[in-house]
Amino acid sequence: MSTSMILLGLLIAAALAYIVGIVRCRASTGGDVAKLHSRTGYYGSYLAIWTVLPALFLTIIWAAAEQPVIRHLVETSLPAHAAGVENDALMSLTLGRINSVAEGLPKLSQSEFKTIENARLGFTPMLEAQRLLQEKGVILGAEPEPYIISAAYDEVIYRHTSSWLITGLAALAALAGFVYGFTQIRPRLRARNTVERVVLAALIGASTVAILTTVGIVFSVLFETIHFFQSVPTFDFFFGTVWDPRFTSAGREGGASGQFGLLPLLWGTLFISFVALAVAVPIGLYSAIYMSEYAGPKFRGFAKPLLEILAGIPTIVYGLFALITFGPFLRDTGAMVGLDIAASSVLTAGIVMGIMIIPFVSSLSDDIISAVPQSLREGSYGLGATKSETIRKVVLPAALPGIVGAVLLAASRAIGETMIVVLAAGIAANLTLNPFESVTTITVKIVSQLTGDLEFNSPQTLVAFALGLTLFVITLALNVYALYIVRKYREQYE
Amino acid sequence: MEQIATSATAETAPMSGVANGEAPKVTARDVCVFYGAKQALFDVNLDVPRNSVTALIGPSGCGKSTFLRCLNRMNDTIPICRVTGKIELDEQDIYDRDLDVVELRARVGMVFQKPNPFPKSIFDNIAYGPRIHGLVRDKTHLEEIVETSLEKAGLWKEVKDRVHEPGTGLSGGQQQRLCIARAIATTPDVILMDEPCSALDPIATAKVEELIHELRQNYTIVIVTHSMQQARRVSQKTAFFHIGYLVEVGDTEQIFENPQDKRTQDYIMGRFG
Ligand SMILES: Nc1ncnc2c1ncn2[C@@H]1O[C@H](COP(=O)(O)OP(=O)(O)O)[C@@H](O)[C@H]1O
Ligand SMILES: [Mg+2]
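Going line by line, the protein sequences match chains A and B. In terms of the UniProt record's numbering, the first sequence is residues 1 to 494. In terms of the UniProt record's numbering, the second sequence is residues 1 to 273.
Just so you know, these hints were derived from the structure itself, not from any lab. None of these values were measured; they are calculated from a predicted model. It is possible that some hints are incorrect.
As the list claims (entries may be wrong) - List time: in silico EDC-like cross-link candidates among lysine to aspartate or glutamate, alpha-carbon distance up to 20 Å:
| id | chain 1 | residue 1 | chain 2 | residue 2 |
| --- | --- | --- | --- | --- |
| 1 | A | K387 | B | D98 |
| 2 | B | K120 | A | E389 |
| 3 | B | K120 | A | E378 |
For reference, chain A alone in the conformation it holds in the complex (with noise of 0.2 Å):
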């Protein structure tokens, strides 16, 4: 039976189980409810965590731990003079035939099965056996020795085996852990207690996948981004003005210096974000003092979620604007008034992105203006202030600590933003203040550089993971800052 099947079957179990929980200690009372120690449920629960949880366990250690053994019996039981017995690399080759083969041979009927007998016994041809095999959608680079069929028996077995075992054992352990928890019901058991702490370890154990993950994922990126600065100075790549990591003639060890600058690309950035920024701070501004300080109630409830639609679209459908309709429709206009603007330009890329990141502006630059505590409002009103004296002297100012960190935040959101450049800001590395020339982001270059047939450990591919460092590294001081100052603001008001 497969791992799913037990899971399966170990959930029906849990369900039958969490009755029986409930119908056992409604007995143990006489069904006096309001004797027990706990609701009925938590008795249910208490059974079917008792059934469960030790058969899962066991069944997630021995999945895990099948494979690493199973390989082990089968490397070990090849004999002397199979390929890769002295060898590492040869060996995982050959472990890898092997276990393409096990794959096909379950799928086999009986006759065709005897013909792959017959081949590893040396009365077929070889051949024939690679091509039933092929059929049965084993690709096979060579004809198959007959130690790697003979191996691959031997693996089908131990997987049978595996899987009845892992079968049997959880059944036993599901019904071991039913029959101890089944024993333990009695009014006085402290079942709300015990699922409790199962349900905030199982919180826990969320939690600590989550936060792990992501250290997994820093620290992978900071490896790879080590062993790119062992080919690359650090200072050229920080400091360096000329991107142009092509020309890295393949025979040099570690590639010219000079090559990796990310000046250009950092520029890039901040040039289309700072456009980016122009165009959504104001709109956003203005409208989330209209939405909160004007508008009605009606007029607000509708069109605050269809601005909050904005951020729903998918930035490369935002990019595909930039790219077919926006990006045109600049350079045409350009052209009309005797402006060269490039289709893919800073300014294409920023307005684009500066509409994406509005909704970020206004949105929480609404939270933070409504925010501000009516009393100061009123205050000003009874002093004699008309509405916009309050809002421009009093609401603005009380709120402006929060509405940089709004700012901030959609600031690295724009920073951060990778489909809308790809499409809309072009490729070249450019250091140029003219808006209507193109550039390009990190980004774009992350993705331009893992995009390709390069070379997995050559330093064009590792710098993606140095760029992406970097502009992990900007954004999440960018991110921590505004929050702060966010939160700093919020603790002011209460």
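The hints should help you fit chain B with the ligands onto chain A, whose structure is shown.
Then chain B with the ligands, alone, in the frame of chain A:
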């Protein structure tokens, strides 16, 4: 309860405690206030004598704040709120269409239950009103206004070395006196106070009460309070509200020594509220 109150209005409505001699500063006639469909005040008639302190008392939710906020049209800021009847300030209808509400609020200052200094410096807090009303000639004039306002609010001595520090950094009592100074800075005639001491400790309360006592010389003060001792200490005239009706109004001494209405008696004896 509703029934009794309604029948009682017929007797109490005309009673408005008309001041003897001098014309009242504020007169309210048949004031009704609605929040949406719900009526919060019923035919309130009240005269506020000038240069004296009038206290509004009554159990919470009876409409004291609502009435107070009619006097500077703060209720305009609540969209669902509707006011009927007539309120005059110096014989001028404040709900008149030609009247500028901005000017009205400069003449009728307000101090709120919770101190609400703006997150600006003490100086800018005080200067806020004069600046928006264009009362300032130059920098020295503004400094003068700030100083006299703080002086009148009895805060100058405490803060004169730190007028450029944030107003929110003051203690609760100082903040409330800052708010009073802020109101004074726009040179109002009337100051409305809505439970100005309810968020303050006894010592700060005593200071504010002392301040109210002094301000009475030059200003007409209407104060909402839930503390009957406070009403007794600071006011000359007291009005008792009960679920939207003005039940009884008279000289403070008379209201507390010899209340006419059964409900006033009960409230003052502490039997409800
Ligand atoms: N903004 C408002 N919207 C709706 N109802 C209100 C509002 N403000 C006050 N009310 C209602 O009006 C009545 C009087 O309230 P209020 O004047 O605040 O009483 P008090 O100040 O005497 O405690 C209460 O029933 C209250 O629920
Ligand atoms: Mg009130």
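Do the hints match the structure? See the list:
1. A:K387 - B:D98: With Cα atoms ~19 Å apart, K387 of chain A and D98 of chain B stay inside 20 Å; holds.
2. B:K120 - A:E389: Given pair K120 of chain B, E389 of chain A holds - Cα atoms ~15 Å apart, limit 20 Å.
3. B:K120 - A:E378: holds, 16 Å
Every hint, counting from the list given before, is met by this structure.
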